[in-house]
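Colleague: Letter by letter, the chains look like this.
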Amino acid sequence: MTYSAEEMEEFKAESLELLENAEKNLLSMDNGGDFRTAFDSLFRCFHNLKGAAGMMELLKLQSHTHKLEEILMGFKDGTEIPKPHINLFLRGIDASRALIDGVDVDFDFNVSAAAANVPASDPIKSTNPPIKVQVEEQRPPKSELPKEAIEEFLSECDEIIERISNNLQIVESGNYKKTSVDEIYRDIHSLKGSAYLFSYKKMGDLAHYMESSLEKVRNGTHSPSKALINAMFRSLELVEKYVALTRSGAMNPTLDLLIPGIEKMLTWASEDLPLFTQVAEIEKKEAPEVVEEVKIQVIQPETHIDETVSQPLLKEVQNTGNVKEKESEGASSIRVHVALLDNLMTLMGEMVLVRNQVLQFSNKSEDLEFISMSKRLNVVTSEIHGEMMKTRMQPIGNILGKFNRVVRDLSQELRKNINLTLSGSETELDKSLLETIKDPLTHIVRNSCDHGIETPDLRRKNGKTEAGNISIKAYHEGGQVIIEIQDDGKGLHRDVILKKAIEKGLVAQADAGQMTEKQVFNLIFEPGFSTAAQITNVSGRGVGMDVVRTNIERIGGTVELSSVPGVGTTTKFKIPLTLAIIPALIVNSGTGTYAIPQVRLDELVRVEQSSVANKIEILHGAPVFRLRGNILPLVDLNKILNPESTSDYRDGTLNIAVLNAEQISFGLIIDRIQDTVDIVVKPLNRLIKSLQIYSGATVLGDGSVALILDVPGIAKVARLGSSGTRNHENAQTNADKPKTSADMQDYLLVRLQSPTKHAFVLGFVHRLEEFKRSAVEYSGSVPVVRYRDVILPLVSVNEQLGYKSVIDESKTMSVIVVKKAEAMFGLIVDEIVDTLATAADLDAKVSTQNGIFGSLNTPTELIVVVDPFDIIEKCYPESVKNSNPAPVRSAASSVAPVAPPKHPHLRNILLAEDTAFFRKAVKTLLEKAGYKVMCANDGKEAIDLLNDPKYTFDLIVSDIEMPRVNGFQLAEAVRKHPTHSALPMLAVSSRADTKSMEDGIKAGFDLYLEKLKPAILLNAVSELFEKGRRAA
Amino acid sequence: MNTAEMHQANSKAVEQITTFYIDGDLFGIDVLKIEEVTGKHKVFEVPRAPGFVRGLVNLRGQIATALGLRELFMKSTNLEKEKMSVVCKLDGNLVALVVDSIGDVVEIERSFFEPPPDTIPGEIRRFIKGIYKMNGSFMSVIDLDSIGKEFAPSVDPASGRIN
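Protein chains in written order, with numbering that gives the first Met the number 0: chain A, 0 to 1031; chain B, 0 to 162.
Same shape as in the complex, but just chain A (with noise of 0.2 Å):
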């Protein structure tokens, strides 16, 4: 060749150039366009290619052109180009690329078969034949292509398969446009240009096969048969192998051997196409099935791929490649590295540092125009920052998209008929956390096929829609991004999640019965559960949902689920918008500063341990708070981050931050708190994130360095959540209702026979069980039911009320086993409702005839407090003798009153109990008797109080069961104590076995009464009054 290689580059250059604006203008035709400008660009890149060609001496180059000019000059004088003359032109186009790159082509320039059916008008009859474009390997195939170029390529494939796939759906639908058809086909037709321009020649026939096929639907003159559909669905997956196969760098010469076959589905399919609208039922035909049985192998790994780039080569692979995109796009978006990103995200988190440094300096300065330039810094570097966190932002609609496919496929696998709506797909998060939900959501969505949509048969029977729906909705939700997959199958069922649970023993039987719903849901996310009555293909082997929650959590996300039987599922993610940047709470502990991710954080509670209430105490050595009535375990940073630290927790002010790990909540005692700022987190090298203390660091605006808290890591290191602490949820419960926590009393609301409310002390209940009725036994007329190893005795509340008491045979019973003095017994109620914790006022009720303390009178309703003992004592009057001779009891029980004293309002009571429920209800009692009461909320404080000079007591009644310091110990210290070992002391306590009195008495008790018999209580007090004053 005569011309040198730069001479040569120019001309490629050049020609490519021609040829993409002969392309853009092939499309602007295509897609309406003015045809005469159009076709004179068009007539003029032909032509000038030509010419080039000549000067070049490629004869086969010139010759190609030619021959596109003379075809084209053919509508010199028409208005359009029918659109198998468009595809040739395309192709030849193409053709000349090939040529140009220095392929030898041969290309037949005959319309396509279709082409048969374009308007009598048409210039040019052509015959049947489909054209065909045979590219010859003269090279090693991609040995001198570019990586990048190949990378490029392949993720090109990845959109163009899922924009066919997408389309195809859309087709498949029945309710579909042209050009969806066009645009099926366009793809296809790109992928084959650049197949066969990066030498993939099978894909290339592939490509090529799936694009003869669809020609007549494409010319509208038949419609697509499900036949056809499928057979392009399965060459999709079968070029989707090849593309898989090609990125990881293998060969494998069996997808090949698959060829044929799909060629000849394809073809088959293609000729049977019914004519006009009517989708014809051909399925039954025996298709050629091939492509299922094949696994693929990766056998030897591919070529070695060179590094030296050939400049032109890959300039054309943008250019072939690109054609949709740049007809939709333009030059709007660009590919850039995520590596490039993510060095730019470093890049601008120094800059802000100095930003931040500039500024601190510009405040001592006293140079205006510093000061300003200063500002306009600060601005613009915010500016910069607020758009570069944008360029890491993705729709979630890319991974959406994918879905439709998903469904289409196992709908037809399982041969149900699901729709799949998706919405939100504009929603943006993070290209890394995009990737990371992916498999998740597969999983979501995978299960709802299987087990969540019934077949059509079932779901007619039960009134369904014979199509299920799955729905897929995205959107924002306080900072994060929610992700919300809903079915209207069956949903969950309780008892059978329950069984299998028992059965593999993730649940004790025991507890089985007083499992709230959502716990009960949370067990199909444990490992190794599967409630399919059958492992399918598509799901059930129980690994799933294990691998959605870690998933999920691995990116600081959470996933709820929460389902009606019958009605359907839904499944919430809730994720943080990225991972690189994300809210947190600075807090510092001794010298060091860190971090706690905002998602983890409740609430935080400040302490003033000075006060009476509300403050952190101490249980078994361990610290504790009680948050609205709760017990909130507390963890001291300190003493995670130091294990020798100690602290006592006597004075002054603490912070406490509420954290939620998982299922457990817990306080976080912590020195001081900062602020709460958007940190940048920068992973830990694996030896400090092996501490699981850790999960992160990041660089706060002053430059110095802050770790960021893992908080289910130290729920873990301080060995929280092994028994399952559930305060999460009653502290959730109860999170409306922001009262003292000192005022606060938790009940078990029930259902009975009657309208109204009734609930139980939950101090009281020590069980919540369910037994079948047919476990009921009778130990001679007592009905009884083995439990454990003990029998026990059963009470109906209704019968003890005087509701009536209805019996469903089929149902199993709910009963509260209480504890009574050493014995137990079950309390049978209709339903056990919920917890509540309220600090309404009780109305005690000083006759207990009927089993009941009192009434609730709560903000919306009134609600019935059940004297569970009073009920056990009226149906097992034995219980009371048997267990209760105490010798102090006799002389108050007395049935004759003791008269009151006669100046009760000069009579100070002091009261120490520390449940709300019975201080209040005692006081109440006590105060309507005329008493004047002062109250302690355990013996310690009673303690402090009579020790206060400011006050004088009578008489103490006491509970025994109290924290820090209990009854037995108030009343020795009372005894010792140098000024009241005279007074008269009265325990009430609901521990009221024989050890206990005697203990009691021993303590230094005058009289020892089993809680709470209002009555028995007054008689009591009044008798401890006269015999005090019979003493003096």
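If you're looking for bench data, these hints aren't it; they were derived computationally from the structure.
A couple of the hints might just be wrong.
Claimed, not checked - Pairs of lysine-lysine, BS3-like flavour, derived with a Cα cap of 27 Å:
1) B:41 x A:363
2) B:148 x A:715
3) A:430 x B:88
4) A:939 x A:922
To be verified - Partial list, derived from the structure: chain B residues whose beta carbon lies under 10 Å from chain A:
5) 46
6) 54
7) 56
Where a beta carbon is used, it is the ideal one built from N, C-alpha and C, also for glycine.
Chain A is already provided as a structure; the job is to place chain B on it using the hints.
Modeller: Only chain B this time, still in chain A's reference frame:
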């Protein structure tokens, strides 16, 4: 003069090594493994981490883990002598090796290289790739990979969450 070129040209017989001192002893690391040499940075302590992890440092926005070579090689704990850090990459993470002072970049023939003698205590020997016999002194070449192993215990993958 381009050092990389030079290195390539002589790669067979000669190795280029950055040297530094800890407590008077000469140590070295292959020059190509070193990202940069900087002064001592402010170290932010990591509570509960093993003793040789001094903490985290802010290297112009990147976070590096500062490792005390003194602890690894059981030298005296005379921390005041430490003036420099040698920054390298271990398993994709930046680490700053805290050293006393930086020596020259030396070119040294491989024939002077010998594995560490057996009498050196095992706890130290495992971090030494070998010894170069220099004029009047020895230079211990640090085995970054084995420090990396020390540094990256197998972690239970479930706990490797980001939070």
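Colleague: For the hint on residue 54 of chain B, just tell me whether its beta-carbon gets within less than 10 Å of chain A.
Modeller: 8 Å, holds
Colleague: Let's test the interface hint: is any C-beta of chain A closer than 10 Å to that of residue 56 of chain B?
Modeller: 7 Å, holds
Colleague: Have a go at the residue 46 of chain B hint: is there a Cβ in chain A nearer than 10 Å to its own Cβ?
Modeller: 4 Å, holds
Colleague: Are the Cα positions of residue 148 of chain B and residue 715 of chain A separated by 27 Å at most?
Modeller: 25 Å, holds
Colleague: Does the alpha-carbon distance linking residue 939 of chain A and residue 922 of chain A stay inside the 27 Å limit?
Modeller: 19 Å, holds
Colleague: Are the Cα positions of residue 41 of chain B and residue 363 of chain A separated by 27 Å at most?
Modeller: Distance of about 24 Å is within 27 Å: holds.
Colleague: Below or equal to 27 Å on CA atoms is what counts here, so check residue 430 of chain A against residue 88 of chain B.
Modeller: 26 Å, holds
Checked against the numbered hints given earlier, this structure breaks none of them.
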